[in-house]
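Colleague: Starting from the known structure of chain A, fit chain B onto it as the hints suggest.
2 protein chains.
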Amino acid sequence: MALIVQKFGGTSVGSTERIRNVARRVAKWKAEGHDVVVVPSAMSGETNRLIALAKEIQEHPDQRELDVVASTGEQVTIGLLAMALIECGVKAKSYTGAQVRVVTDSAFTKARIQSIDEAKLRADFANGIVPVVAGFQGVDANGNITTLGRGGSDTSAVALAAALKADECQIYTDVDGVYTTDPRIVPEARRLTKITFEEMLEMASLGSKVLQIRSVEFAGKYKVPLRVLSSLTDPMIPVKEEAQSGTLITYEEEDKMEQAIISGIAFSRDEAKITVMGVPDRPGIAYAILGPIADANIDVDVIIQNASADGITDFSFTVHRNDYAKSMEIAKKVQAHIGAKDIVGDNKVCKVSIVGVGMRSHVGIASQMFRTLAEEGINIQMISTSEIKISVVVDEKYMELAVRVLHKAFNLEMEPF
Amino acid sequence: MALIVQKFGGTSVGSTERIRNVARRVAKWKAEGHDVVVVPSAMSGETNRLIALAKEIQEHPDQRELDVVASTGEQVTIGLLAMALIECGVKAKSYTGAQVRVVTDSAFTKARIQSIDEAKLRADFANGIVPVVAGFQGVDANGNITTLGRGGSDTSAVALAAALKADECQIYTDVDGVYTTDPRIVPEARRLTKITFEEMLEMASLGSKVLQIRSVEFAGKYKVPLRVLSSLTDPMIPVKEEAQSGTLITYEEEDKMEQAIISGIAFSRDEAKITVMGVPDRPGIAYAILGPIADANIDVDVIIQNASADGITDFSFTVHRNDYAKSMEIAKKVQAHIGAKDIVGDNKVCKVSIVGVGMRSHVGIASQMFRTLAEEGINIQMISTSEIKISVVVDEKYMELAVRVLHKAFNLEMEPF
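Chain order of the listed sequences is A and B. Residue 375 in our numbering sits at position 374 of the first sequence, with consecutive numbering throughout. Residue 96 in our numbering sits at position 95 of the second sequence, with consecutive numbering throughout.
For reference, chain A alone in the conformation it holds in the complex (with noise of 0.2 Å):
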């Protein structure tokens, strides 16, 4: 008998039939004994009909009011599952954000969750009844709807999990689990059935978007148990095989994790390059680049700075590729106040990292990666590291080969032993 919260995605209640399955799965746990929260998101479509409305009546609509207009596509759903479950024979009941009282701050349209009662809801496990709780909204203390931002029905769901000290939060949505690399570019690439929270988050920021980042890190703050799975099997296959499927994401480390030095390979497309050539290396000269691309709102993800030689040195960083243009225009603005020889950029680049916490106990693994990477003829542009990844910055031309000549290289297709 376990506590489980269990989070419904878009697609999985995008329509009253698929409402109707995700009832029959529900129910099916709530058999066996277990006492379950159920956290759906709005039908797929919704939440963009409702932001499109919004934004025909002000391009940049009142953040208070959108949170407003929002926060109903999840209201709607919580209702038709409730019936849903009622129609098989299961108790439930609906519960918004302000029903539950899912507390935030009041940053509208990007609020972060303060506090949970879970009162009702206990309430609710004590008479067999299965609560149904909006994801991606809560109110703040003066009784404001807010809205937690794109994906915050993930993060309310793990919220949830950790209020109750959940033994699981599982997370339905449209992929089995969380993959070595991406399958339609490595046909071998195999699901993972554990991996580490740090190394979900590693995997998550470099594109592997199974999951909203912020529900990955409050999982691991809260050490919740995570689980990745399918909400497109059979909804009536046994609880006992679903339990075990899909990705479980864990904060548990030792023995039991598999022992793969490796856990996956992460990549990025759509990235470019800026490169500051000769320019003097004294303080300062990484801010007066850097701070005048941060007031323009543009992300920079990789940077790098050579050793300097006579005093004269290379600076060069990353960004999404759509922030090329403006920030090419904004360090040649910098350039002569900052005594730059040349400011040259590329942008037909990607990133492609390999992530295990493994790395952290094993030497060698930088040079394996690289020796790979040379033997296919991969020129090496950038190279960046932290505790359980390596990224390099290649041509963009060479992301596929790349990706699955470290697959093979690192033998990821096979189950670590």
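Derived from the structure by calculation, the hints contain no laboratory data. There may be inaccurate statements among the hints.
Chain copies aren't distinguished; within one or between two, either way the pair holds.
Claimed, not checked - DMTMM-like mimics (lysine to aspartate or glutamate), calculated; alpha carbons at most 20 Å apart, straight line: (1) 56 x 18; (2) 29 x 347; (3) 333 x 296; (4) 121 x 141; (5) 92 x 60; (6) 342 x 119.
Modeller: Coordinates of chain B only, in the frame set by chain A:
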């Protein structure tokens, strides 16, 4: 400087363009220094769409959950309308029923308002803010979302006006007021500038469906002056002109009122008449016939019983035409039990009524009505009267003729002197 509650129906907020027009209209009133509360309905078609979704899940949707789903229609409109006001440079803030605290009983889908907390609205007035309050919805003592039933936004507006002691509650709709009768039947029909609550109730219940009955009752009870006016005029017509438009429904009955004896002619098609013939005239007969009809959830309208001759009487009543077959069946079942000679019915009848507070103090109104009909050879099948109304049931083929000749006979096309 007045305090005005303005209610806009589903057609008036049926598109973002129309919502912008509503905002311009409200802004115009605000600009002249009035305190305004706006109560919009859901965008036209939206409530039906939401109920249809619910019915795809459950043939008879759970009532609590249906209210959770249905109430989102108005929540979308309040957010959009608040944005449109802000875009016009007017400070505005939306409120759901729960946020204001429009407290109702727990009769989901047909809840009744018990109290309204006016504190937040008063604070908004003090700060020059226009509150935009969701119609149709409230919250029960346990925090459950409730709705007031179809047309409930009118009731919300009147209840808010009563709580705030507003100077006027303005119901913007797609007609420009209440007419002496349906202009499609009598082209000379005249818009009434004033009408009493009682007359309005008789007109509305007889088929002139401009306002929800309950809202008129509510307005009468709390003496809230109610104005029906058009939302299809140019939003920028001067406030002075708009304030005099439409029809004012008021409790004042003194000299200030129009001195007409008859205010209007209402009618109802789709009536059916059933006569129980030759029934022994003894106590309990009416109940023996109408009890089973009521048990079948059939509304009975006109009921008459002729004076008894030799202890034998005829008993007639009318029902909606849709209920005719079932009512005949029930009547025939009880025929033997009550010892009636025959049951005869006619599902090709209609009801025509003249309404006016003036008839209280004028004799001869009924006879003038009957003479007018007789002169046209229209046979009266049933007669029913109240303090301010006389209704007759006639063959349906005479309906338009009866309305036209009565309209002329009582000089309704002319302004009262």
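Colleague: Hints first: check each against the structure and report whether it holds.
Modeller: Evaluated hints:
In this assembly of identical chains, the alpha carbons of residue 56 and residue 18 lie at most 20 Å apart only when taken from different copies (12 Å versus 30 Å within one copy). Taking the closest pair of Cα atoms, residue 29 and residue 347 never come within 20 Å of each other, the shortest separation being 54 Å inside a single copy and 55 Å across copies. Only within a single protomer do residue 333 and residue 296 lie at most 20 Å apart by alpha-carbon distance; the minimum there is 15 Å, versus 85 Å between protomers. In this homomeric assembly, residue 121 and residue 141 come within 20 Å of each other (Cα to Cα) both inside a single copy, at 18 Å, and across copies, at 16 Å.
In this homomeric assembly, residue 92 and residue 60 come within 20 Å of each other (Cα to Cα) only across copies, at 17 Å, whereas the closest approach inside a single copy is 43 Å. With identical chains, the CA atoms of residue 342 and residue 119 are never at most 20 Å apart, being 61 Å at best within one copy and 68 Å at best between copies.
Hint check: violations occur at hints 2, 6; the rest are consistent with the structure.
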